[in-house]
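K.L.:
Residue-level listing of the chains:
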Amino acid sequence: MILLSIDLWFILGKAILIAAIIGLSFFIAMYTTYAERKVAAWLQDRRGPNRAGPFGIFQPLADGGKLFFKEEIIPLASNKILFILGPGLAMITALVTSTVIPWAAPFVTKGGSVIPMQVADVDMGILLVFSVVSVGVYGIMIGGWASNNKFSLMAAIRGASQMVSYELPMGLALIAVLFMTGSLQMSEIVRSQVENGWHIIYQPLGFIIFFVCALAECNRTPFDLPEAENELNFGYHQEYSSMKLGFYLFAEYINMFISSAVMATVYFGGYDIPFVDESTWGLSPFWMSMISFGVLMAKISFFLFVFLWIRWTIPRFRYDQLMNLGWKKLIPLALANMIISAAVMLLLKK
Amino acid sequence: MLTQRAKPVDRKPMTFLESIYLWNIVKGMGITISHLFKKKATINYPEQKRTFSKVFRGLHVLNRDAEGRENCTACGLCAVACPAEAITMEAAERLPGEEHLYREEKYAVKYEINMLRCIFCGLCEEACPKDAIYLSQTFAPANYGRKGFIYKKEDLLIPHPVNDKEAYEKALGEREVINKN
Numbered sequence: 001m002i003l004l005s006i007d008l009w010f011i012l013g014k015a016i017l018i019a020a021i022i023g024l025s026f027f028i029a030m031y032t033t034y035a036e037r038k039v040a041a042w043l044q045d046r047r048g049p050n051r052a053g054p055f056g057i058f059q060p061l062a063d064g065g066k067l068f069f070k071e072e073i074i075p076l077a078s079n080k081i082l083f084i085l086g087p088g089l090a091m092i093t094a095l096v097t098s099t100v101i102p103w104a105a106p107f108v109t110k111g112g113s114v115i116p117m118q119v120a121d122v123d124m125g126i127l128l129v130f131s132v133v134s135v136g137v138y139g140i141m142i143g144g145w146a147s148n149n150k151f152s153l154m155a156a157i158r159g160a161s162q163m164v165s166y167e168l169p170m171g172l173a174l175i176a177v178l179f180m181t182g183s184l185q186m187s188e189i190v191r192s193q194v195e196n197g198w199h200i201i202y203q204p205l206g207f208i209i210f211f212v213c214a215l216a217e218c219n220r221t222p223f224d225l226p227e228a229e230n231e232l233n234f235g236y237h238q239e240y241s242s243m244k245l246g247f248y249l250f251a252e253y254i255n256m257f258i259s260s261a262v263m264a265t266v267y268f269g270g271y272d273i274p275f276v277d278e279s280t281w282g283l284s285p286f287w288m289s290m291i292s293f294g295v296l297m298a299k300i301s302f303f304l305f306v307f308l309w310i311r312w313t314i315p316r317f318r319y320d321q322l323m324n325l326g327w328k329k330l331i332p333l334a335l336a337n338m339i340i341s342a343a344v345m346l347l348l349k350k
Numbered sequence: 001m002l003t004q005r006a007k008p009v010d011r012k013p014m015t016f017l018e019s020i021y022l023w024n025i026v027k028g029m030g031i032t033i034s035h036l037f038k039k040k041a042t043i044n045y046p047e048q049k050r051t052f053s054k055v056f057r058g059l060h061v062l063n064r065d066a067e068g069r070e071n072c073t074a075c076g077l078c079a080v081a082c083p084a085e086a087i088t089m090e091a092a093e094r095l096p097g098e099e100h101l102y103r104e105e106k107y108a109v110k111y112e113i114n115m116l117r118c119i120f121c122g123l124c125e126e127a128c129p130k131d132a133i134y135l136s137q138t139f140a141p142a143n144y145g146r147k148g149f150i151y152k153k154e155d156l157l158i159p160h161p162v163n164d165k166e167a168y169e170k171a172l173g174e175r176e177v178i179n180k181n
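Chain order of the listed sequences is A and B. Quick note: the first sequence uses this note's numbering, first residue 1, plus one each step. Quick note: the second sequence uses this note's numbering, first residue 1, plus one each step.
So here's chain A without its partners, still in its complex pose (with noise of 0.2 Å):
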């Protein structure tokens, strides 16, 4: 039977894909808070989490199952919709961005029919990340304005300006790249980074602009202003418990893992291995997926933990010198190094 000509096994196809997507999201934010925890621990001579399982790995299950069993509050005077459309909307844009990354190579079938493994090839892929990425800011404001309290409103704004300050640069950044590929579609910009090399050999400059805005896109130290504990006493979600608060701390960690898939795609070719041409191994085509899926993965826990590493050593900025790095120093550097890439590869196509 033939529904609406729709292939009902592509569909299941890209229905398990996306399930195991979202899983594998949840998974890997679980467990960078508890690295986060570990890392805090090593960088400032302690052990950190250890009495949960062997090397305390079953402490994020135990965070998780206290934060499902806390009282939940509504405050009274909150916009009751609001307050809890906030942290589903976090939690929604952090898990939808993970759509167009390419998580490996792509899979060929016997038949000889291929199977992306990404779940939407869109031929705007980053251009969605960031549309995606920028409706992120509603639940951080909608959260913050719904629950009726100065500190989280304050937090909230903050938040927003800051998000919608550090898009910029970000993007402009990104531009130089999309020079290179000329093309927005994500597989083809990790297409591109595997015949030509990879984007941060001739985008460094880039790579630092887009990592720092990355920084304060998720909301991580340095930047991490809207949770400022002390002089907004929690931030915008100040007001949440149970499981909404995790919602938010888990979309943060979610953002994360899902900035440094794009960072590792964009500028450190994907799944691309280095040094190595992988198709003159001969191995069949489900390792060969397997294997670059690990690439990608080692990659993304590279930056997460470049990620951890900065939140321990670096203290918070101030609200104006974020506002000053972003607006007076990225965004002319980002400018620069879009005009100068264009020229360059001007110069080197005539």
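Any given hint could be a false lead.
Here are the simulated distance ranges between beta carbons [what the hints assert, rightly or not]:
{"no.": "1", "chain 1": "B", "residue 1": "E154", "chain 2": "A", "residue 2": "E231", "range": "46 to 54 Å"}
{"no.": "2", "chain 1": "A", "residue 1": "E231", "chain 2": "B", "residue 2": "S34", "range": "28 to 36 Å"}
{"no.": "3", "chain 1": "A", "residue 1": "K150", "chain 2": "B", "residue 2": "Q4", "range": "46 to 54 Å"}
{"no.": "4", "chain 1": "B", "residue 1": "S34", "chain 2": "A", "residue 2": "K328", "range": "31 to 39 Å"}
{"no.": "5", "chain 1": "A", "residue 1": "D45", "chain 2": "B", "residue 2": "T138", "range": "25 to 33 Å"}
{"no.": "6", "chain 1": "B", "residue 1": "E154", "chain 2": "A", "residue 2": "I73", "range": "44 to 52 Å"}
{"no.": "7", "chain 1": "B", "residue 1": "T51", "chain 2": "A", "residue 2": "K328", "range": "54 to 62 Å"}
{"no.": "8", "chain 1": "A", "residue 1": "K70", "chain 2": "B", "residue 2": "T51", "range": "34 to 42 Å"}
{"no.": "9", "chain 1": "A", "residue 1": "A342", "chain 2": "B", "residue 2": "Q4", "range": "57 to 65 Å"}
{"no.": "10", "chain 1": "B", "residue 1": "E18", "chain 2": "A", "residue 2": "R51", "range": "39 to 47 Å"}
{"no.": "11", "chain 1": "A", "residue 1": "Y319", "chain 2": "B", "residue 2": "S34", "range": "26 to 34 Å"}
Hint data in this document are derived by calculation from the structure and do not stem from the laboratory. We put the CB at the ideal spot given by N, CA and C, even for glycine.
Since chain A is already given, all that's left is putting chain B on it; use the hints.
P.N.:
Relative to chain A, chain B alone:
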């Protein structure tokens, strides 16, 4: 200026390298990553314990003599010496037939130390003329209520040296038995 230690604040304008933060951030990250490979400052507490010095002043122990008789005569000198007023006691007279329990004619029926008040200064040990109280090398464990921190005589008494030799020797540790009369 009272001391020569005061340093003038460096108010030089930032150099270009400093103003873009990046170099200093990299330096800072170098410092933090070096700590990843350093020896940890903490230990896994209940499994591992740090050794205390021999003069460590921990939980109190009410002493017995070699035959297992209580040394304490409830003279109250420890309670007087205690700066935190943590010690209370009640005295009673030894009855005929109780000579194997108490060393002298007077003994303490009730002897309590409030571990929340105690500052572990060891003045009670110094005040005691009978070597009846001393501070051991274990420290007061955690408890759920305030009541649990008021240690009764049963909690403080050292195990019987004849009937429960092993526990007695464990409680005694490296301490030498002094015989004061």
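K.L.:
All hints, please: hold or fail.
P.N.:
Structure-based check of all given hints:
1. For E154/B paired with E231/A, a C-beta distance near 53 Å keeps the hint of 46 to 54 Å intact.
2. Look at E231/A against S34/B: about 31 Å separates their beta carbons, and that is inside 28 to 36 Å.
3. Separation of K150/A from Q4/B is about 48 Å and conforms to the stated range, judged on CB atoms against 46 to 54 Å.
4. Checked against the hint of 31 to 39 Å, the C-beta distance between S34/B and K328/A comes to roughly 33 Å, which is consistent with it.
5. The supplied range of 25 to 33 Å is met by D45/A and T138/B, whose beta-carbon atoms lie about 27 Å from each other.
6. Here the CB-CB span from E154/B to I73/A is close to 46 Å, well matched to the stated 44 to 52 Å.
7. The hinted window of 54 to 62 Å between T51/B and K328/A holds, with their beta carbons roughly 57 Å apart.
8. Take K70/A and T51/B: their Cβ atoms lie about 41 Å apart, and the range 34 to 42 Å holds.
9. Between A342/A and Q4/B the Cβ separation comes to about 59 Å, which falls inside the hinted range of 57 to 65 Å.
10. At about 43 Å, the CB distance of E18/B to R51/A agrees with the hint of 39 to 47 Å.
11. Between Y319/A and S34/B the Cβ separation comes to about 31 Å, which falls inside the hinted range of 26 to 34 Å.
The earlier numbered hints are all upheld by this structure, with none contradicted.
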